[in-house]
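Here the protein sequences come in this chain order: A and B.
For the first sequence, the numbering used here begins at 1 and goes up steadily by one.
For the second sequence, the numbering used here begins at 1 and goes up steadily by one.
No lab work stands behind these hints: they were computed from the structure.
Possibly wrong hints are sitting among the right ones.
Claimed, not checked - When the alpha-carbon atoms are kept at most 30 Å apart in a straight line, the in silico BS3-like pairs for lysine-lysine are as follows:
no.	chain 1	residue 1	chain 2	residue 2
1	B	Lys40	A	Lys292
2	A	Lys347	A	Lys269
3	A	Lys292	A	Lys228
4	B	Lys40	A	Lys294
5	B	Lys79	A	Lys225
6	B	Lys79	A	Lys228
7	B	Lys79	B	Lys69
8	B	Lys69	A	Lys295
The lines below spell out each chain.
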Amino acid sequence: MKLNLNKGLLSKATLLIVITLILLAIPAVALADGPTVESNAVAIDTVWVLVTGFLVFFMQAGFAMVETGFTRAKNAGNIIMKNLMDFAVGSLIYWAIGFAIMFGVDYAELFGTTGFGTTGTFEHLGLSIPIWAFLLFQTVFAATAATIVSGAMAERTKFVSYIIYSVVISALIYPVVGHWIWGGGWLQQRGMIDFAGSTVVHSVGGWAALIGALLIGPRIGKYGKDGKATAIPGHNITLGALGVFILWFGWFGFNPGSTLSGTTADIGKIAVNTNLAAAAGATMTMIFTWLKYKKPDVSLTLNGALAGLVAITAGCNAVSPSGAAIIGALAGILVVLSVAFIDNVLKIDDPVGAISVHGVCGAFGTAMVGFFAVDGGLLYGGGAALLITQIIGIASVFAWTAGTALILFGIIKVTIGLRVTAEEELIGLDIGEHGMEAYAGFEMKAPSVNL
Amino acid sequence: MKKIEAIIRPGKLDEIQNALAAAEILGITVTHALGFGRQKGYTQIYRGQEVTTHLLPKIKLEIVTADEKAEEVIAIIVKNARTGQVGDGKIFVQNVDEVVRIRTGEQGEQAI
C-alpha cells in the first residue's frame, strides 16, 4: 500500500515539474514587462480617480440621511426611494446620454455630440486615465446634482413625476452646463473657474430645486391663513447629522478628486481648503444662529457645514487656506439669511434648505473665486476680469437651469401633475406612493394631529 | 371596585412603582400621554420659526383595586408624585362594574 501511494505522488510531481518547465520556456511568462514610471503614474491617477469617485458615491447616502432626517417619518420611505432612484436611473441615463452631451465632441461650444453609451473615441479629451474611470467619476458627480432637488420637493411630490424630472436633469440639463464649464464649452473658453462644481453641480441642483419647490407649492400646514410660516420639525436630527458627516467625508473625494490625478501635488492643499471651509461654515452658522435666535440651532449649523463645502467647491484649488476659511465663514452666515428669506419672504417651502445651501451658496462660492483666486483674483491684484467671467457663468447657468426646469416642471404639472392629493399628503407618501411604511410598528406621530 | 387613573410626571414612575410593590399592590397599566392642565408649554425655534408646544409628555397609570385599598393607592401615588410645582398631575377615581381574569374566568374582586 505504502509503495503504491508513493508511486502515485511521484508521477504527479513529475508531471507538475514538466509543465512548469514548458511554461517557463515561453519568454512572455518568464519575463513579463515591468512597470514604467509613466505607467505607474497612470495607475496612481486611475486609482485616485476611482477611489475619490467611490467617496463621492457615498455622498448619496449622505443626501439620503439629511433629507430623511429633516422631514417627517411618514414620508421616510419615499425620500429614500427618490434618492435611490436618482442614483440608479441617473447612472443609466448619464451613461447612455448625459456623458456624451457633456464630454462628446463639441458643437458650437454649447454641447457634445458623440459618445452615447460610451461608443466611439474620447481622444479629444486628452485623458491620462482610462475612459471608464473618468465615466464613473463623472457619473457620481451628475448624480449629486440630481439628488439635491428631492430635498426641496420633499413630502408632497408624486414619485412618477420626480422620476421624470430625474431622467431629464441627468440626460440634458446638467450635462449642458457641464459641457459649458468642463467639456470644452464657451464658459471654459472664457476662463471660468469652477474646479469641482459649485456651479456645475450644486447651483444646477439648487436652481432646479428652486423652480420645483416654487411650482409645487408649500406643504400643507407650512403657512397659516395669514401667510405666516410655521415650523415642521424633522423626525430625526441624528440621521440628519450622520448625513452631513457622510457628505463632509465624501467631499474629500469631490474636491481633491477633481484634479483627476493622484500625482498632483495640490491634492493635499485642496483637502485642507475643503475642511477649513466646512469647519468655518459650521462655526459661523453656530455663532450667527446663537446671536440671531438666542440658541445655536442644530439643523441650521449642520446646513452651515454644507454651505461652506458647497461654497469652496469652485475655488478649492485656486484660493489659499485663509481664503477658504473666509469663504466658508461667509457662506455660513449667508445660508441662515437665505433660509429665512426663502421661507418668510419668497414663501417657498424648502424642508431641508437645499436651495440655500446648493443654489445660493454655490453661486456665492463661484463668485468668491473672482475675489480670492491667488492667480487672478481681485484681492490679489488680478483686476475684475475673472470676477466678471464668474458672474457671467453664474448668471447664464441660472438662466439655463431655471428656464429648462420651468419648462420641465411646468409640463409635468399640467399633464400628470406634480403633487400628491391632500389626503395622501396627510396620511404620508410612504403609504400613498409605496404602499408601505418605513417605520412599520413604530409610533411616530407629531403632537399636532393635523401634521 | 375602583379604577384609579393617575396622570403624573414621567420621571416619577419608578418611585411610584417601587412604593406600590412595597405595599404589595400588584397590577398596573402604564401609557405615554400628552397633555396639560394649568402647566404652560414651552417655545422652540426650529430653523428660525418659533414653535410653541402646549402638549407636554406625561405618564398615565391605571390601577384597579378593591374599594378598601383605593385610599392607600391614592396616598402612595400622591406622596411619590408630588413635587409642589405646577404640572404634578391629577388622579381620577371611577367605579368599576366588573373585572374578569382571562386565564381562569374568575370574576369580581378575586380577579383583581
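For each hint, the structure was consulted:
For the given pair, Lys40/B sits about 25 Å from Lys292/A by alpha-carbon distance, which is consistent with the 30 Å threshold. Between Lys347/A and Lys269/A the alpha-carbon distance is near 40 Å, which puts this suggested pair outside the 30 Å criterion. As the CA atoms of Lys292/A and Lys228/A are separated by approximately 19 Å, the hinted pair is consistent with the 30 Å bound. In summary, the hint linking Lys40/B to Lys294/A is supported, as the alpha carbons are separated by about 20 Å, within the 30 Å threshold.
With a C-alpha separation of about 47 Å, the suggested pair Lys79/B and Lys225/A falls outside the 30 Å cut-off, and the hint is violated. For the suggested pair Lys79/B and Lys228/A, the alpha carbons sit about 46 Å apart, so the restraint of at most 30 Å is broken. Distance hint between Lys79/B and Lys69/B is fulfilled; the C-alpha atoms sit about 16 Å from each other, no more than 30 Å. Taking the CA atoms of Lys69/B and Lys295/A, the gap is about 50 Å. The hint is violated against a cut of 30 Å.
Of the numbered hints listed earlier, those contradicted by the structure are 2, 5, 6, 8.
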